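Student: What follows is each chain in one-letter form.
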Amino acid sequence: MFFDALKFLTIALASFISLQAHAWGEQSGGAYIHAGTLIDVNARKAKPKQTIVIADGMVSSIIDGYAKPPEGTTAIDLKNASVLPGLIDAHVHLLMNLGPATQIKMLTQNDSEATLDGVVNARTTLMAGFTTVQDLGSRNEAIFALRDGIAKGQLPGPRILASGEAISPNGQEGSIGCSGVDECRRVTRDHILSGADVIKTAITGGTLIGGDGPPARFTAEELRAIVETAQSMNRKVAVHAHGADAIKFALRQNVHSIEHGTYLDDEAVRLFRKAKAVLVPTMMAGQVMEAFAANPMAPPAFRKEASIFTSRLVAAAARAQKSGVTIALGTDVGAAVHGQNAQELSLLVRAGLTPMEALRAGTIIAATHLGVDHLTGAIEKGKAADIIAVLDDDPLKDVSVLESVDFVMKAGIVYKGGDI
Amino acid sequence: MLSLIKSLCASFIIVLAVLIPASGQMVMPQNAEPEVTYIHAGRLIAIPGEDVKTEQTIIISGAGISEIRDGYATPPQGAATINLKNMTVLPGLIDSHTHLLTEYGPAAFFKSLTQNQVEFAFDGVVNARKTLMAGFTTVQDLGGGDEAIFALRDAIAAGKTPGPRVLASGRQIRAVAEDKNYNSAVGCAGADECRRITRQQIIAGADVIKVTLSGGEPLSSLTPPIVFFDEELEAIVETAKTMERKVTCHAMSPDKIKQCLRAGVHSIEHGSYMDDEAAKLAKKTGATFVPTLVIGPVMESAAVNFGLPQPIAEAFSTAMLDAVKIAKKRNVPIALGSDSGPSKHGENANELLRLVEAGLSPEEAIRAATVTSARHLGLEARIGAIEVGKSADIIAVDGDPLEDIAELLTVDFVMKAGVVYKKAE
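Line by line, the protein sequences give chains A and B.
Here the first sequence stands for residues 31 to 450, numbered as in the numbering used here.
Here the second sequence stands for residues 1234 to 1658, numbered as in the numbering used here.
Hint data in this document are derived by calculation from the structure and do not stem from the laboratory.
Heads up, some of the hints might be wrong.
With the Cβ distance kept under 7 Å, some of the chain A side facing chain B (calculated, not the full set) [to be verified]:
id, residue
1, D212
2, R215
3, R216
4, R219
5, D220
6, I222
7, L223
8, S262
9, M263
10, N264
To give a feel for the contact side, a few chain B residues facing chain A, derived at Cβ under 8 Å [unchecked claim]:
id, residue
11, A1408
12, V1409
13, A1422
14, G1423
15, D1425
16, P1458
17, V1460
Per label pair, the in silico range of CB-to-CB distance [what the hints assert, rightly or not]:
id, chain 1, residue 1, chain 2, residue 2, range
18, B, E1613, A, G207, 49 to 57 Å
19, B, E1590, A, G448, 51 to 59 Å
20, B, R1495, A, S224, 25 to 33 Å
Model, not experiment: these values are computed from the prediction.
Note that the Cβ used here is the ideal one computed from N, Cα and C, for glycine as well.
Chain A extracted, bound-state conformation (with noise of 0.2 Å):
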């Protein structure tokens, strides 16, 4: 019925609208940003003294030299920075503070509370240096609300793209459970009208040492009909796995992206690129199976592989790497800590990645990734001004200096460095 369509339109259109709104016409003055050193992640270099046009919130040009601004607009000095596109972080829960309360929480909280959590977290990871994320696993309504509101310039944060709800063979941890080809379907149709950006799904437990646990595996028919219907909306599958075997299960689904991938083995990577599909290693979740390893109540194995999860994670991003298989940034925060995303730089460095490399995994590609490099992950004429900026440092020389930004930009609005 082509009513229905026209107000489904309303609705989408408005969603859209929101999600660019300061990409189209909210800011209405621009500014000149002068810019010492310009790291240009599509080309692979750093040039000197460049000034980025802002006009409307997005990027409008760039001019050799330190061009002056026409009256009336803005020039912010950057000449003693490194200026680089806003990070991108490819996995994130932004209503979870892994910690001793977590499990009362999550048995305990209500939507609301869970959002104002969100709130928090969101402009942490904002003034973090992070201007877009990929949340892969929150109560729907909650963070697709924070998602919405953060777009429509309500609050501060970043740029959200949302899984949701994570589908699983048998909805367990707050995920959405559906076995069989028809139900599979309807849930990720359900799922994705209901606001899914994109579609997780958990096929072993949650964080595993040394293999898959439990066998709560979906069929490979159940998967693949996911991945079919999600592709069919145009939306991509984001799965979870550690193991070796539930990795290649996955891939020879057809999945998008594995995340964690910790056991990863050869096959594994020939398989990835078979399909094409991206690693996200999410190294920093190994520091929290480290601070586990402390436990003395754990059993004696369990503390063992935890107390190296994170070389586990790193030595399987470097075989990934090695093996031409595409990396995108993302850090599991919320299971990490929120804020600190910009550690995961340092890690992605420890597995093999040059610097270059390394923002480029936290940029562009993550931004090609998470299907919205038309509007973000590089300084360019056409996408919105997400810039970023550390003064007096080269994060091509020490990734670690993103640690602590000092000017972050969303889509030609200051958040932080305002005074400089």
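Mind docking chain B on chain A? Use the hints.
Tutor: Just chain B now, kept in the frame of chain A:
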């Protein structure tokens, strides 16, 4: 005992239901002699597409046409005469795509969330009357709440309220229903569920099954596509066929049009971006094209409200006209559908003008609204032409619509099944 009475009642109702043909027109047992009416028609387009005759007498007996004579025959005593000597007389028009329960406007979305089926039915009563008064004596309604539209259809058929003869799909079937409140769509996933939903829809009262596929069209590139897998679509078409119902498919992009045609649907609704390959396939499968061109101007004028860039709305409007040209070139049958609801009720004839704008002759446009639509609806034995044995669905205008199709925007005389609803001045 009670259950016996109930089942007896039920079978009586079923018997009665059988007496009501698919056209929805109640066949009442006639005790008295049927009333006889003579229409003196100055110019008669009896079968659009064939020669126009002048000075004709149409003799109506009860609800049907019993005879057509050359010249102005003198009626026998007791028979009524209707003087349409200064008029062009033609068959009642047929709109193959309406939504009688709704009308687009500022309150439409709010209504969709708050109105119940009874309220929708009352809105439908008003819209149905407007439609009939505009000369449309039969419509196919494609998408509205089941209870309201089926009740409206049956009330009109029973003569309780004036309106066109209605064939209705009730709720459209989609891969996923996007709005449960509005109650105008039902979702199904998997061939088995799609079979069950199709059967339920037909048992609930659907005369036709409407499926909706979206995605791939510039107009809705921002929404997730809502699409069936082939096996789901095929299950719907096969199931409808077993229950002697046609399937009509809302599709705009070429690939969705082709997917529907391959599954064996009987018509494509909108088909806005139809390409030559899709038109060839439609010709091959024998499907009818219902282009609903008036939606173009609606989208153009509403683009601001929807935040839709004006160039996209305008391109959509143009694409629809091109689709008709492509279909015409491939000889795909084109039936008139106004998509009233999104467009204004009672202004259905605007679609005739748009069809002419798309390159049909006025005669071809009128054919699309009569002969072709009647065949598309499976009612060609009863409506679509002024012929002996057909229902007396007759309209008249004072000018010549074959010269100026806009004459049909103001219809001067409307008769449906022998009953006059609008008298010529």
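Student: All the hints need checking, so say for each whether the structure fits it.
Tutor: The hints, checked one at a time:
Given hint, D212/A at the interface with chain B, holds; its Cβ is 3 Å from that chain's nearest Cβ, closer than 7 Å. Because the smallest distance between the Cβ of R215/A and any Cβ of chain B comes to about 4 Å, under 7 Å, the interface hint for this residue holds. The closest approach between the C-beta of R216/A and any C-beta of chain B is roughly 3 Å, which is under the 7 Å cut-off, so the hint is satisfied. Because the smallest distance between the Cβ of R219/A and any Cβ of chain B comes to about 4 Å, under 7 Å, the interface hint for this residue holds.
The interface hint given for D220/A is met, as the beta carbon of that residue sits about 6 Å from the closest beta carbon of chain B, less than 7 Å. Taken as an interface hint, I222/A checks out: its beta carbon lies about 5 Å from the nearest beta carbon of chain B, inside 7 Å. Evaluation of the L223/A hint against chain B yields a held restraint, the C-beta minimum of about 5 Å falling below 7 Å. Here the hint on S262/A is kept, as its CB sits about 5 Å from the closest CB of chain B, short of 7 Å.
Against a cut-off of 7 Å between C-beta atoms, the interface hint on M263/A holds, since the closest Cβ of chain B lies about 4 Å away. The beta carbon of N264/A is positioned within 7 Å of a beta carbon in chain B (closest approach about 6 Å), and the interface hint is therefore held. The criterion of a C-beta within 8 Å of any C-beta in chain A is met by A1408/B, whose closest approach is roughly 6 Å, and the hint holds. Interface restraint check: V1409/B against chain A, minimum CB-CB distance 4 Å, threshold 8 Å, status holds.
Taking 8 Å as the C-beta contact cut-off toward chain A, the hint placing A1422/B at the interface holds, the least distance being around 3 Å. Among the interface hints, the one on G1423/B holds; its C-beta lies about 3 Å from the nearest C-beta in chain A, closer than the 8 Å criterion. At about 6 Å, the closest approach between the beta carbon of D1425/B and any beta carbon in chain A falls short of 8 Å, and the interface hint on this residue holds. At a threshold of 8 Å, the smallest CB-CB gap from P1458/B to chain A is about 5 Å, leaving the interface hint in force.
For V1460/B, the shortest C-beta to C-beta distance to chain A is roughly 5 Å, which falls under 8 Å, so the interface hint holds. Range check, E1613/B to G207/A: Cβ separation about 51 Å, and the 49 to 57 Å hint holds. At roughly 56 Å, the beta-carbon separation of E1590/B and G448/A lies within the given 51 to 59 Å, and the hint holds. With their beta carbons about 30 Å apart, R1495/B and S224/A fall inside the hinted range of 25 to 33 Å.
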